[in-house]
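Undergrad: Spelled out from the first residue to the last, the chains are:
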Amino acid sequence: MATVAAGIANRISLSMPKANTDTRLDGAAKHFGAANIDIIRLDGAEKHFGAVRALGGVDFHVGAGECVGLVGHNGAGKSTLMHMVAGTLVPDSGAITVRGSAERDYSVPRALELGIRCVFQELSLCPNLSVAENTRINHPSLIGFGWRRKAAELIAAKLDEIFPDHGISASDIAGDLSIGRRQMVEVARAFTLTEDPLALVILDEPTSSLDAHTAGQLLAFVRRFVASGGSCILISHVLGEVLQNADRIVVMRDGKVVAADAASAFDRDRLVATMGGAEGHQRTAAETRKAEAGPLRVKARPARQQDGKELVARAGEIIGLAGLAGHGQTDLLLAIFAAAQRARTGIEVTAPVALVAGDRQSDGIFPQWSIAENIGIRSLALLRSGLLISPQREAELADFWKNKIGIRTPDMNNNIYSLSGGNQQKALFARALGSDAGIVLMDDPMRGVDIGTKLEVYDLVREEAGRGRTFLWYTTETEELDNCDHVYVFKNGRIVANLGRDELTEEKIIQSSFGDAA
Amino acid sequence: MTAASLETRLKASPAGGGAAARARMLRSLLPALSLALVLLAIAWLNPRAISYFGFTLMLNLAIPIALATIAQMFVIAGNELDLSIGTFVGFVGCVTATWLKDAPLVGIAVLLGSIGVYALLGALIHLRNLPSIVVTLGMSFVWQGLAILILPKPGGKAPDWLLSLMAFKPPLIPFPIIAALVIATVVHIGLMRTSYGVILRGSGGNAAALRRAGWSLLRTKIVLFALTGLFGVLSGMALIGITTSADANIGNGYTLLSIAGVILGGGEFVGGRVSPIGAVIGALTLALAASPLLTFMHIPPDWQVAANGAILIIVLAARVLISRKER
Amino acid sequence: MASLRTMLAKPWIWSFIGAFVVWLATIAFTGGYGAGGMITAALSLAVFTVIVGVGQMFVITLGPGNVDLSLPANIGLASAVAMKVMDGNDAMIAVGLIAALGCGAAIGAANYLLIWALRIPPIIATLSASFIIQSIDISYGRGLQIKPPPGFADFTNWQILGIPVLALLTVVFTVGAATALQRMIYGRSVLAIGQNIRAAWLAGVNVGRVRFLTYTLCGALGGIDGALLAGYFRGANVDIGNEYLLASIAVVVIGGTSVAGGKANVPGVWGAGLFLVLLLTMLNTFGVSAGVRLVLTGLIIVGVITAAGGEKAVR
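Read top to bottom, the protein sequences are chains Y, H and W. First residue of the first sequence: 1, per our numbering; consecutive thereafter. First residue of the second sequence: 1, per our numbering; consecutive thereafter. First residue of the third sequence: 1, per our numbering; consecutive thereafter.
The hints are simulated quantities; they were obtained by calculation from the structure and are not laboratory data. Errors might be hidden in some of the hints.
Claimed, not checked - Simulated restraints, written as ranges between beta carbons of each label pair: (1) Lys153(H) with Asn284(W): 18 to 28 angstroms; (2) Glu195(Y) with Leu26(H): 37 to 47 angstroms; (3) Leu26(H) with Ala343(Y): 32 to 42 angstroms; (4) Leu168(W) with Leu163(H): 53 to 63 angstroms.
Unchecked claim - Covered by chain Y, per the in silico footprint, the following chain H stretches (three or more residues, Cβ under 8 angstroms): (5) 197-203; (6) 275-285.
Glycine included, C-beta positions come from ideal geometry on N, C-alpha and C.
Only chain Y is shown next, with the shape it has when bound in the complex (with noise of 0.2 angstroms):
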């Protein structure tokens, strides 16, 4: 508790007086020689990857001395959107301007040459690299003899300026560091300064390695930055960083943007309603189904946990899986996983078990395969007829799914990529609940869906969980939980609480999960 309160503390209150905004301007149009000119201004900007459209038409701008925030869920086109103001994607179609000049062959090199950087979501440091050479790398002008102490004092002393407890040297491997660190470099790296000017950096999560305190230092930074005439453009998910540190806030959805205001015209509320959270969604009025005491499904305890709590399941049963991401969930359902395969301490299951990904890409797609055939992949021994699989009951699996479950496809024997991110999942879903598992894991299925394919599936997981079916679901997003006969709730790889249906309030959860407890 006392790390996150010291770390609130450190993110100085929002609102800025006037006056010292507008002399912030006249800073910045001094420094620049004109005033109100952008930095950078992208004008219908467009983009497709194949049938995917990621943007779709984006007026978007970034004024000098500006810190502008950019919020919108997952795969609502953030990323495509920097990629392209940092140059590393070339726009379908669109205009980008360079400070009122405009940019034909925008690129990387250009990008660096007019002073627009960024840290990426994905971290970009050579894992094989020492400190000192990661800097080195964004620095072309650190050559010749003596390049290595260069380099080093460099990246030093951006570090101690931004994070001043940092503990990094800079002859340390990249790899060695943990992962929190190796984003401290990558900030500090953006904002090291050689021949090449610095005009703009785009943070795209720069916080979500970093704990509270770190996190305060790096916005604290941030907002320097800004005051001495800097622009910067902020990516987060913790929407209260954005709030207090943003002067202008863009909200993204469906590769649009639906809404560019003053950070003073948001609040948390308006953000989540314009992002399209929750908007027009009821509390889930779910029946009050008392499940009947099952059989026992599962039985585990997290590797870390030292009390004797365990997560218990039974069929018939929806389990919750709550706490801040990263706790331990994910891994807890994949040790569950393993369990089902080959059998391990401290874990019983009793049942088939199938998983359904969030992270489609890495855990989940077959993309050589077609729809069908990769709804069928968990379930090759039941489409078997002799030896060999039956290309019809593969067939008619895919096309009960198809329609049960809704997959808006004209042919299951089209490639899967040929479906929209949210039938994609719906496949994933068919893949697990068209299998013999009993017990179906959920990691966070739900990420960057939209609502109404999530209305339908949370219908669904009830009525198969109604069928006897245990689901053990994993989520960030809190108002699933209300799908939940009862929610576990972890902390540092342990569970922490274990909240029955009518005990689960947002509070509840909020005080387990940063509880000192544990």
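The hints should help you fit chains H and W onto chain Y, whose structure is shown.
TA: Below, chains H and W without anything else, positioned relative to chain Y:
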């Protein structure tokens, strides 16, 4: 209830990279340890071998092997593999024993041209996104064919300057050891200490990051392949300087030896993790273990190749043990 | 849909077209002389490439980095084992074949053991294994001058109406392999692992077992190939398998199998096998020297992979 109010972030794990760094340190010592072990075994079996003359004799062939290993190391640094380096060394050997002696200008042009071919291969592999294993496997036939065309029967003769260079007997320290030191130092400075060396290694570590920083991956791949070609040429010339005459098949074993040398020297297949010093040590270990050690142990030459395989497996097993312990 | 099908079919069609063109060029050169005999000879020789090619194809389909470099050593050792067990005795043919098969399968299993236990890339594992196998072979097969049993030698050369029986059997085998690939759990699992090993595990595929089976299968095919080669060429030989490292990989690539894994093509292995053999026949007919032959073979492989490659591996 909103989704947002629960959001916060992952905690950075407080533990630093101490354990990882220690494991890396231990692993980087492994090549030197294996070399020391082989030397100890030789000294124990045949103390007389540990002498100026003994080393000159035992390590003679280590020079071309070390050069071929360095050549292989460059492509491995870029996450590729060259299965043609052996036949390429043979091809260079044939050129050295014929044209380079009889018509030096033609010879030099051909050898420079072959380095150019390597550079082109790098470009081709990058531009068409080809698997280097298949391309270089195909090229291994090309080099072998060219070698046979140049020198259908074993023969030819090394240029005199090359012969006298390879027969050089410096005072106190045997020539092969000096040569190994020079090779290791030069390549270490070039790849590990220069500012462009960082870019070359980075292309193996995280190519996407390099591209985002504005570097040309085409160029890094071309440079890495050209360097492989260059050191392949040096290896072939050194080999002929020792054997004095050539044979189209003379380098065939070098493909496997060079890969084994890089791995023995602590290099990894992917991720741009290579070590020039380690690679040279790995090559020396292989050269010693392959024949002198076996001879002293009265093991028939039939098992020479197996010894290379066994050493490779033992060292890899040791590596696994080290990384398990550190976990 | 139909057009998509033909598009997908393209990769292996090309290998047959290539084989056909080369054949035409050769008989054009000879004025039609020996056209039939050439096909017979091509079928006989292609068999050996196809058998190991199928094994290599399953391995390569497991995904990037999977390749069996121990095939040549494997073939060499198995040929010696087969000849020694058969010992020129017709009654021992079956036993000899089983011994070669077992020897190859054991090598394949050992390969996977190295990959699994040492967690090293298959290239290095199969490479180290091949070093050791090679030595065993040299030592075991030293001075081995045993001829194959007459019945076995005849069998490998047996023809019906100019079609080698061995080729017919191999066709049956490849049909079986194609069926296994598309219609059996094993084949589907291989394809799934090749596309995304983690997703395959999470979809319930027994990744370890499938990979083990695949390396063992590839080894076993190498073993049987060694025995057949020794029968066909009337004797075992340490170098008998040398050309099959390149050939096995080449037929997989030319045949339209994706080197990135997850997409395999059995008919293409046949087309590519015939193409390679006919190409050599053509070059021999044209009377080019061994050197030129090697150069052209290599260039064609590089050319084919260049033409076929370029598809970015789908993430």
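Undergrad: Take the hints in turn and mark each one as holding or not.
TA: To see whether the hints hold, each was checked on the structure:
1. Lys153(H) with Asn284(W): 18 to 28 angstroms: For Asn284(W) against Lys153(H), whose Cβ atoms are near 20 angstroms apart, the range 18 to 28 angstroms holds.
2. Glu195(Y) with Leu26(H): 37 to 47 angstroms: holds, 40 angstroms
3. Leu26(H) with Ala343(Y): 32 to 42 angstroms: holds, 34 angstroms
4. Leu168(W) with Leu163(H): 53 to 63 angstroms: holds, 58 angstroms
5. 197-203: holds (count 4)
6. 275-285: Since three or more residues must qualify, the claim that chain Y covers the region 275-285 of chain H is violated, with 0 doing so at under 8 angstroms.
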